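Given these sequences and hints, build the entire structure.
First to last, the sequence lines map onto chains G and B.
My numbering runs 7 ahead of the 1-based position in the first sequence.
My numbering runs 7 ahead of the 1-based position in the second sequence.
Keep in mind the hints are simulated off the structure, nothing from the lab.
Keep in mind the model is a prediction, meaning the values are calculated, not measured.
For each residue, glycine too, the CB sits at the ideal point set by N, CA and C.
Just so you know, nobody snuck in bad clues.
Below are the BS3-like pairs computed for lysine-lysine, each with C-alpha atoms no more than 27 Å apart in a straight line:
| no. | chain 1 | residue 1 | chain 2 | residue 2 |
| --- | --- | --- | --- | --- |
| 1 | B | Lys95 | G | Lys86 |
| 2 | G | Lys86 | B | Lys96 |
| 3 | G | Lys96 | G | Lys46 |
| 4 | G | Lys46 | G | Lys82 |
| 5 | B | Lys46 | G | Lys81 |
| 6 | G | Lys86 | B | Lys86 |
| 7 | B | Lys95 | B | Lys46 |
| 8 | G | Lys81 | B | Lys96 |
| 9 | G | Lys46 | B | Lys86 |
| 10 | B | Lys95 | G | Lys81 |
| 11 | B | Lys86 | G | Lys96 |
| 12 | G | Lys46 | G | Lys95 |
| 13 | G | Lys86 | B | Lys46 |
| 14 | B | Lys81 | G | Lys96 |
| 15 | G | Lys46 | B | Lys46 |
Here are the simulated distance ranges between beta carbons:
| no. | chain 1 | residue 1 | chain 2 | residue 2 | range |
| --- | --- | --- | --- | --- | --- |
| 16 | B | Arg84 | G | Gly39 | 30 to 40 Å |
| 17 | G | Asp26 | B | Lys96 | 39 to 49 Å |
| 18 | B | Asp27 | G | Phe97 | 40 to 50 Å |
| 19 | G | Glu19 | B | Ile25 | 22 to 32 Å |
Protein chains: 2
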Amino acid sequence: MSKPSTVNRIIEIGRSSIDDYVVEAIVGLQEGPGVVVLKGRGPYISKAVDVYNELQSRLGDGLELVGVEIGSEKKGRPKSYILISVRKKF
Amino acid sequence: MSKPSTVNRIIEIGRSSIDDYVVEAIVGLQEGPGVVVLKGRGPYISKAVDVYNELQSRLGDGLELVGVEIGSEKKGRPKSYILISVRKKF
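What follows is the structure, given as structure tokens:
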């Protein structure tokens, strides 16, 4: 992450359709100048990147990729995660 | 990516075991001060993050995460990818 940003919304990627998450992200981006975080865990990491790419293809230059963070959650058995932070370019 | 780095090795993550890729990455990191890139495409994006986390748990502070890039390849049907660049701290 480049610098601290207000978080409008954290979207946990799961079994819903990619389009559902894209719509939710677009709504979150309208809420203000803060970031929307796409969070994917375990097998949903790949889907989180799919959601980002779909969002990027819809919004083009209107979308800024603020940062990508990867890591492992330490609760119980370690589980990989990704956090993709995006915001609207004004 | 923070600044251009020599690439020691690009490791394409696929069906081999996570440990196989971890070993390959460690060998790549020994080759010099450049980066090793873990590349995952489509469903292997999640596994690329698993490989990174396993590498991180083995090397601890000896490993630096240089950058994470995500995007979509435009050849034919778009396919999501992740590039995870790491290097050894000397």
